[in-house]
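K.L.:
Let the hints inform the model, and build the full structure from the sequences given.
Protein chains in written order, with numbering that gives the first Met the number 0: chain A, 0 to 517; chain B, 0 to 348.
These are computed hints drawn from the structure, not numbers from a lab. It is possible that some hints are incorrect.
Using 25 Å as the maximum straight-line C-alpha spacing, the simulated SDA-like pairs for lysine to any residue come out as follows [said to hold, decoys possible]:
1. Lys233/B - Arg370/A
2. Lys329/A - Asn207/B
3. Lys131/B - Gly325/A
4. Lys423/A - Asp452/A
5. Lys395/A - Trp335/B
6. Lys209/B - Met365/A
7. Lys233/B - Gly371/A
8. Lys350/A - Thr231/B
9. Lys186/A - Gln176/A
10. Lys423/A - Gly228/B
11. Lys8/B - Met403/A
12. Lys209/B - Ser353/A
13. Lys376/A - Lys281/B
14. Lys209/B - Asn369/A
15. Lys233/B - Glu330/A
16. Lys281/B - Gly402/A
17. Lys350/A - Arg10/B
18. Lys233/B - Pro310/A
19. Lys131/B - Arg364/A
20. Lys378/A - Asn207/B
21. Lys376/A - Asn230/B
22. Lys209/B - Gly402/A
23. Lys209/B - Glu419/A
24. Lys209/B - Ala128/A
25. Lys378/A - Tyr203/B
26. Lys209/B - Trp368/A
27. Lys281/B - Pro310/A
28. Lys148/A - Pro269/A
29. Lys376/A - Gly228/B
30. Lys189/A - Arg253/A
31. Lys50/A - Pro75/A
32. Lys329/A - Lys209/B
FRET-style restraints, in silico, Cβ to Cβ [what the hints assert, rightly or not]:
33. Asn75/B - Glu330/A: 24 to 32 Å
34. Leu137/B - Ser230/A: 57 to 65 Å
35. Phe6/B - Met267/A: 43 to 51 Å
Looking from chain B toward chain A, a few residues come up when the C-beta cut is under 10 Å (computed) [what the hints assert, rightly or not]:
36. Asn207
37. Lys209
38. Ser219
39. Ala224
Fair warning: this is a prediction, and the values are worked out from it, not measured in the lab. Backbone N, C-alpha and C fix where the C-beta goes; we use that ideal spot for every residue, glycine too.
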Amino acid sequence: MGSSPLLEMRNITKVYPNGVVANSNVNFSLVEGEIHAIVGENGAGKSTLMKMIFGMEEPSEGEMLLAGSKMRFRSPQDAIDNGIGMVHQHFMLVPSFTVVQNIVLGMEPTKGGSINYKEAVRMTEELSAKYNLAIDPHAKVENLSVGMKQKVEILKVLIRGAKVLILDEPTAVLTPQETEELFRELKGLKREGHTIVFISHKLKEVKEICDRITIMRSGKTEGVFTTSDMSERDISRLMVGRDVVLKYDKTERRAGPAVLRARDLSYMGPEGKPLLSHVSFSVREGEIVGIAGVEGNGQAELVQALTGSLPGVKGTVEVAGENMIGRSIKEVRDTGVSYIPEDRMRQGAAKDASISDNLIAMFYRMKEWNRGLFLNKKKITRFTEEQIARYNVRCKGPEQPIGMLSGGNMQKIVVARECEAAPKLLIAEQPTRGVDIGAARLIHERLLEMRDDGCAILLLSADLNEILEVSDSLLVMYNGQFVAYYPDVKEVTEEELGFAMLGIKRQDAAEVRRALHD
Amino acid sequence: MIKAIHFEKIRTIAVIAISLLLTLLIIAVVSDDPLRTMGVFLTEPLSSLAHIGNIVEMAIPLMFTGLSVALLFRANLFNLGAEGLFYFAGIVASSIAVHFTLSAYVHPIVAILAGGLTGALLSAIPGILKAKWNVNELVTSLMFNSILFGVGLYFLNYKLRDPQAFVNASYKFHPSAMLNNLVPGTRIHIGLILAILSILAVHYYLYNTKWGYELRMTGSNRSFAEYSGINTTKVIIVVHLIAGFLAGMGGSVEVLGMYNRFQWTGLPGYGLDGALVALLAKNNPLSVIGAALFLAYIRIGADQMARMSDVPAELISIVQAVIILLISAEQFLKFWKTRMLLKEAGIRE
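P.N.:
What follows is the structure, given as structure tokens:
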């Protein structure tokens, strides 16, 4: 592999318009004919780097060389023209079209002004035979399994003449059998001289098929390594780690009786993949229980199960002794459950409604907030002004539409709404994602204050800083299960946490079950 | 300095100004005596009490349907069923005006309530389909317009038709059912008061009650509403009931206030005009008054123009199309808003 690199990214820095530095001084190189893994936690900057290679983003600084000559891609089309293709994690296919129609979309062979489908089918069959990617060209994409859809995506990239293929977490949605098949195909592509970039969290897979690894951590490269020299543990150590930014003086935990108790939650996804299996734990009064894990390991489903929006989940969820399964969201909320959702634009806020409208979503139906038929506007305005002052929200007043605020200020409103309802249980899902340090500190301090007041808090986060600083005890989720429980977060080392998050090491079932506090 | 917060108002005014300028431009090209024609178009509607009366008379049904559509749009429901409901409620109110004998005060009340309730019940059908099975309300409501028109026409032909009338019209209404005149010298009837009361009621409902809050949140972001514990299925059905009632009330008030027989053998178009009013009013109940009066004003102007000059009234359709296009074009004047926002943030001077 001593030959000169096919693609080189030198000293790449990417700053997004909102001030987030996604990549700083990143170096990356790709040798022809290799399978190169990029590993890193969520938010480490892998996707940003790939987007720049594929022309979806332009670097703020640094240069890119393709076969030794300088390049600048202004759009994915530029990248495709230069033989670079990307298979996205979320498939970009037209479900109602057939496989052939999807593959030739935008580059249909024509004959006398109309599309020559025979030729298109021939091209597809030739390609699928050459790379041993067996597929029925006439099948409709909507009827295909996930693994098959991925094949269509790969063919789509190949037919456009890609020599370099970027695969963004290709195995995240696959069953083990489909993964094996994908790996066989990737090895085949490599033999044919293609170069593959493989983005993944799954170290076992990386070890299995990749030649070299680039490890990224908080926007920087931690180095390039030959896979055979590295053990999974070595990789994990470099990948997981943190720079301590926020520190808090926490008071001693005074845990009371359990407020939330979940037993044996299991859920089967639409594709027959178990997304939750036998998840049991509890959260007691006056403590913050953190759930760590790489995203997509069942955290989202767990939260849906707890908030009453996952029909078909098995098991029991009790809040303050009452069963919550099968209850409506309103009933769950009326029991005293607050929820800070991960996606504030989709669920957490109505962006063209005013700040006060967004604040009262928890209160408007309560008697104290109404006067006869009408809402108590004075009380609402006073409350809004109080919260704006308390949470230091930068805005023009209670009537300003929330969509005009910055992400951090918008999140403060969401947090204010959920916290001021004085909940018994607060579920906080990525409460500080995408907000500035100042807002993050304020939100964390508020969570700690609520814990001291006896609220039970469940914190789900992919941000290790947050989860290690704020929580009292810690659970680790991997593949829809809890694989580790640490009753005291102070006893967890980052290394150990990394092993658990990446599924390298797991505690036995009895140890994890202590989280139930029976 | 003009604030970004007033942007929507400024934009609406700009749209109206542009469409009026365009009207004048077309007149200048088409007419042999452009200045006089423009004068007729702009001033004739306001030239006499009778003409002003015409504007208000036409604005009454527009207020009802505009309010009905604004409420649906507010809930993010693109339902254009007000047209059929308006027509069919007119038939129901007429039947009561023809076939029942009641005292002077009770008769119109019964007729209007019957029309309104009919509207509410019929409107609930697309509402339930939407809320429970996510059936596209635009499709069902437009199909319902045709169905209701057909059924209504059947009632007119076989149940209400007066064989002695020279046109296809119903028997005469009992005088007790008709709405009283409000302003002597015009045909403005007490339907105007009903319209304004309805607008005020909807305004308070929307902004000052918890149910209105649920409606606005459902319209603004249904996922957020559901996450907050709002039963959006219920909200969608309730909005349809209220909007249907308003459209039905409008149809009943129109036939009892303006006519002495039911004589629409085609859909009168007020329902679809209601969508234009709602657009102009930015789905704000109180602004519906102004929007309805404006639309009525340019219509009456066009009528007068057709009568007194060489430009046909159809000109107004072009103007309306321009208004709809510009108002629904979200990018129109957006650059200006961006500039104002940047200025306010102190990024650009």
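K.L.:
Taking only the CA atoms, is the gap from Lys329/A to Lys209/B under or equal to 25 Å?
P.N.:
At roughly 15 Å apart (the allowed maximum being 25 Å), Lys209/B and Lys329/A satisfy the hint.
K.L.:
Compare the distance between the alpha carbons of Lys281/B and Gly402/A with 25 Å, and conclude whether the hinted pair is satisfied.
P.N.:
Given that 25 Å is the threshold and the Cα spacing comes to 18 Å, the pair holds.
K.L.:
Does the Cβ-Cβ separation between Asn75/B and Glu330/A fall within 24 to 32 Å?
P.N.:
holds (25 Å)
K.L.:
Would the pair Lys8/B and Met403/A pass a check requiring their Cα atoms to be no farther apart than 25 Å?
P.N.:
holds (18 Å)
K.L.:
With the threshold set at 25 Å, check whether the alpha-carbon distance from Lys209/B to Trp368/A stays at or below it.
P.N.:
holds (9 Å)
K.L.:
Lys281/B and Pro310/A: Cα distance at most 25 Å?
P.N.:
Violated - the C-alpha atoms of Pro310/A and Lys281/B are around 38 Å apart, more than 25 Å.
K.L.:
Would the hint linking Lys233/B and Glu330/A be met if the CA-CA limit is 25 Å?
P.N.:
holds (16 Å)
K.L.:
Between Lys189/A and Arg253/A, does the CA-CA distance stay at or below 25 Å?
P.N.:
Violated, because 57 Å separates the two Cα atoms, which is more than 25 Å.
K.L.:
Check the hint pairing Lys131/B with Gly325/A against an upper bound of 25 Å on the C-alpha distance.
P.N.:
Since the Cα atoms of Lys131/B and Gly325/A sit roughly 18 Å apart, the hinted pair holds (cutoff 25 Å).
K.L.:
Answer holds if the nearest beta-carbon of chain A is closer than 10 Å to that of Asn207/B; otherwise answer violated.
P.N.:
holds (5 Å)
K.L.:
Below or equal to 25 Å on CA atoms is what counts here, so check Lys50/A against Pro75/A.
P.N.:
Holds, at about 9 Å.
K.L.:
Holds or violated: are the alpha carbons of Lys209/B and Ser353/A at most 25 Å from each other?
P.N.:
holds (15 Å)
When held up to the earlier numbered hints, the structure conflicts with 24, 27, 30 and fits the remainder.
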